[in-house]
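Using the sequences and the hints given, assemble the complete structure.
Taking our numbering, the leading residue of the sequence shown gets 1, the next gets one more, and so forth.
Hints listed in this document are in silico derivations from the structure and should not be mistaken for laboratory results. There could be a bad hint or two in this list.
To be verified - Estimated spans, in silico, between C-beta atoms of each pair:
1. Lys894 x Ala673: 52 to 60 Å
2. Ala525 x Lys40: 45 to 53 Å
3. Pro736 x Arg347: 41 to 49 Å
Glycine included, every Cβ here is placed at the ideal spot set by N, Cα and C.
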Amino acid sequence: MAANWTDKQKQAIYVSGRSSLVAAAAGSGKTAVLVERIIKKITDENHPVDIDRLVVVTFTKAAAAEMRQRIREALDNILESSPGNENIIRQQSLIHNAKITTIDSFCLNIVRNYFSDIDVDPGFRTADDGEIKLLENDVMDDMLEEYYSSGNEDFLQFVDAYGTGRDDSKIVDIIMKIYNAARSCPWEDEWYEECLENYLVTEKSMDSNPCIQYLFNDLKKSLEDFDGIFYKLEKICQSPDGPAGYLATVSEDHQLIKMLINSENFEMLVKRINLSSFGNIGRCSKGVDEEKKNYVKQERDNFKNFLTKDVKGKLITGDINKIYKDIVDNTPAVRMMVHLALEFSQRMSGEKKRRNVIDFNDMEHMALNILIKRENGQKIRTDAAKTLAGFYEEILIDEYQDSNLLQEVILTAVSKDGQNIYMVGDVKQSIYKFRMACPELFIEKYNSYDVYNSDSQTDSAESLDAVKIELQTNFRSRRNVLECTNDVFYRLMNESYCGMAYNDEVRLNTGLVYPECPPDVIINAKKYKTMNFGMDDKTEIYAFESDDDTDSGSHETEAGAVADIIENLMSRKNGRVYMVYDKNADGGYRPLRYSDIVILTRTVSGWAESFVNTLMSRDIPAYSDTSQGYFSVREIQILVSFLTVIDNPLQDIPLSAVMLSYFGRFDTTELAAIRQTDKKTRLYNQLTSLENNEKVAKFLKLLNSYRVKSEIMSVYDLLWDVIYNTGYYDYVKTMPAGERRQANLDMLLYRAAQFEKTSYSGLFNFLRYIERMKKFEVEIGEASLLGENDNLVRVMSIHKSKGLEFPVVILTGMGKKINNKDAAGDVVIDRELGIGTNVVRVKERTKSQTIIKSAVSKKIIRDNISEEMRILYVAMTRAREKLFITGTVKDEGKAEETWHSKSIFLAEKGIFDYADDASCQNYFDMVMPQALMDESVNNGRFFVTFGKPQDFFDTSGASYIDDFVQTDDVTQTDAAVVVDESIENDYDENPQEDFETQNQEIVELPEYPYENDTERKAKVTVSELKQMQHDSDFDEKSQMHESIAGITDTEEDDEPVPSFMSDEEAVLKGSRRGSAYHRIMECIDYGKLPDNEDEMIDAIKSEIADMLSDEKIDKSQKQCVKVRDIAAFCTSQIGKRVKNASMAGKVWREQPFVFEMTDENDQAFGQLIQGVIDLYIVENDEITIVDYKTDRVLKGKKGEEELRSRYSIQLDYYAKALSRLTGLNVKEKIIYSFTLGYAIDV
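This is the structure we're talking about:
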């Protein structure tokens, strides 16, 4: 692509000398453009810029790492073609210090370099989310306790009005919502003041209030839309077959609309709304067109409902005097809310300073305070800001649509007065409003910047006009996917509602020409007719009627239908195979795989489980990586319950759970019998009175032993002990998805290790730490063992899919209602309009909505709907070749009629008006009116169906594609594409499809005397044994003799630290790391190693370097091995023995073996076992076996015992094999642990 830049991409690469905004649509190659721009800047022949003088801000660490890697590769390629280029060599050395980073890391760097400017201890630590939540909880409890103790009257009145319920949770929620909103602003105190100013109004100053002004403008925009509608209604009534009887009423209503629009101020508008009324619509004579009649009546009812139900019923609930009085009466409560939030902020700052910790938001505010000072109401750049601005040549911001105002101020402060900022993004993909993203920043620049024209504007430094460049060409998706997306959003995105119009300037254009697909494909010697999504290109929309009104019922209905779609796509029963484009495949196409299909949902909560379970029940491999489900998985719930009762056993619910789990092993009958003895006594007290019961005594012994340990052991050590020494780790392995469950336990251990680094300690605080993470849904996804090449259907949220692409996308949940809960409640908050509340009069026992809350709620809903439109855009643009859209409706007939009616009117007016956008309740409302329009109106092609799933799909497996092609057996490659699926293993074909069942009489055969041996493999390898143990569904008895079932090589993986949580470069982990150690130990030449221990490390480094140059190992293996580990072995007693044996020619490394197993009577039973022994030496005609292990175990005796328990049986069989093969006696079996750094006798 780099050699074929479009004209627009070239403009984006070379524009200079001004602030630039690149509006890069989905799939337009923005990352490639950004990288190319950086490369051009640092390799410019006339004015090269050192890469460390550029700031490149990305949204995630992964994006930063990818960009850095791309730049490295580009520099390597340039250097390869131009060896000795000094500038390139210089840039390669500087890239390690280049500011290619997230905004948090950039701010942290500023703080660490200028900490003295803001009086910060340079030894501060960054706290994780769990610790911050715990700290917030403690500070909040202390603050509220002090206020209750002080008897503050205003506080107590505030609690009476808004603290309904059995605890302070609602009060806490209000304070935290205000606190978090303020922290997204550059200067928190200014935002608090603005919130209070909204309530300091007089009757004469109400029109200047920003909330009232917003509501006034919002109502007028809706009324202007109705003005246009009623103009058309009058024309319809006047048409020859129109409902003339309605004309008088329609005209009267139209005059009311005009009068309301012409209101000069808010007070006048309120008076006119309160005085408005509606008459009877009238009667129509015969011969009137029914469709016109119903349409006029429906639109008139829409306006009537808008004014009476929405405006009078919810927004303006009284005259101007009542509105003013509500604001005045509500002011003390709002003042107290702001006061509490501000004090909480100050207390949090003080407590964090005392503990010397900061959070990510603190990084940004500290950086801001270093760069900007406020003096006499002015904001002035500091010397630090001027120094940085002078150093950095350009600020490049990726994903600019997701920036917020605080980040904007920081990056502007280090720029050259904003003239060297280069911003790349797509406001249509701004979907992080909940993280305080501010798409308005992008929109404001987009609307004010000039369109860049390289022919009329020079790139000299004198020209500093801000410009925008559109990248509209999509280089990944088929034409119909793009055109259907254009059709939807061209009409949906109303500029007055969304802030930005979707027009010809931003529409998606096709940039990738898909090659022709070969007509035939040979798969496993069978010939199939090919289908591709150029032939079957319609965007298919299914609205399923669900008989079950519950959420779970509708989920299951939709999941079943989606399974039908996937089965039809993957079926080969009619002799055709769907192909997808793959530039690396022969002929450019390959058969569709399950991994090519993704199911997108608005949220995985409640959806993912239904879809995965349904697909799996239909033999469709599926997977979902949830982000909030970690603490709800069974193995973690049980473990947390056990820790809870270790901390405090007088908690009946967790104690009951533990008793019924692996740790207690009671059944429900036993638990019920214990509880029946005394229902009023605590369960733990009952157990202590039943110590004569053997099972109870055993459980109490276990529990009490851990209670004692909890007082002297760290949380990590205690948790490790519980997981490993009780056998719980091995137990969860036997459960379905055992490896994933073990990884979840490892992740909890990692969390415990992270907790140990916080300012808290002890089991009680660790449990609180977990509880806060659960409550605030801190994202800790279940451990993922999924590889990128695993062939299964992904189920993921739309947010998680951003930046990804898939050949086939199934967008689900289109009927799910948009969540506007944040616009409800007694207190609502918006960053721009501030705080809106209900006025609560405790004495009168009344509650009513203030006009300020009406305005704030209205804006929140508008922002939510606008964001949902952008989320829908992201979802639709993930598809490369085919897009399916599904959802459920309660009444298919009514839904179809409503959307069809809207589509007719939409075809006339061309675009959703303000009121149409505001009325969207779900994604179907956004898509269906366009999809149901006549095909001649749209550029894309839709296929829309309403009904029940069984009406659409033949669940027998036959495809809904009409063409049927006979499958032919072939013996030669006479098709364009040949695929061997026995190697690719795309998915298992139905083995029965090539056979016909014959109705024959079955003759009973005599019993086979060696039936037990028929299911036993003739040979079992060590690696197979390992795999058998890892497979939770494997029946060991069918493949292994019981005497060898325990032989496995189970070296553990390193701690599961996700890549985005680590700043370290990726290295080999787990079994691959173990293989690297084994390879080096196999290749090392003991004869070259010195006797002097001080020289040993240098000698080993030289040995490893030689291995790399001789290609005995690769770079990743070299990087993950610690030289000191190898040196520790070589200088150990066993290492010296190995060296001596090596000098005598008595060392064997990586020795393979095969021998036949015998039973307990030493009789062979026809099964072979094979494996490879790491190393053995012969001394005085006796053998010593050495087995290397890289397992991560505890230091000391516990680690030794763990290794012995894991590998003793394995070494016994190694000894038996060597004895048979050599005839020599095995005198020693040694495990050398690289983790412990010494040898262990077995």
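Going down the list of hints, with the structure as the test:
no. : hint                        : verdict
1   : Lys894 x Ala673: 52 to 60 Å : holds, 55 Å
2   : Ala525 x Lys40: 45 to 53 Å  : holds, 52 Å
3   : Pro736 x Arg347: 41 to 49 Å : holds, 48 Å
Hint violations for this structure: none, all hints satisfied.
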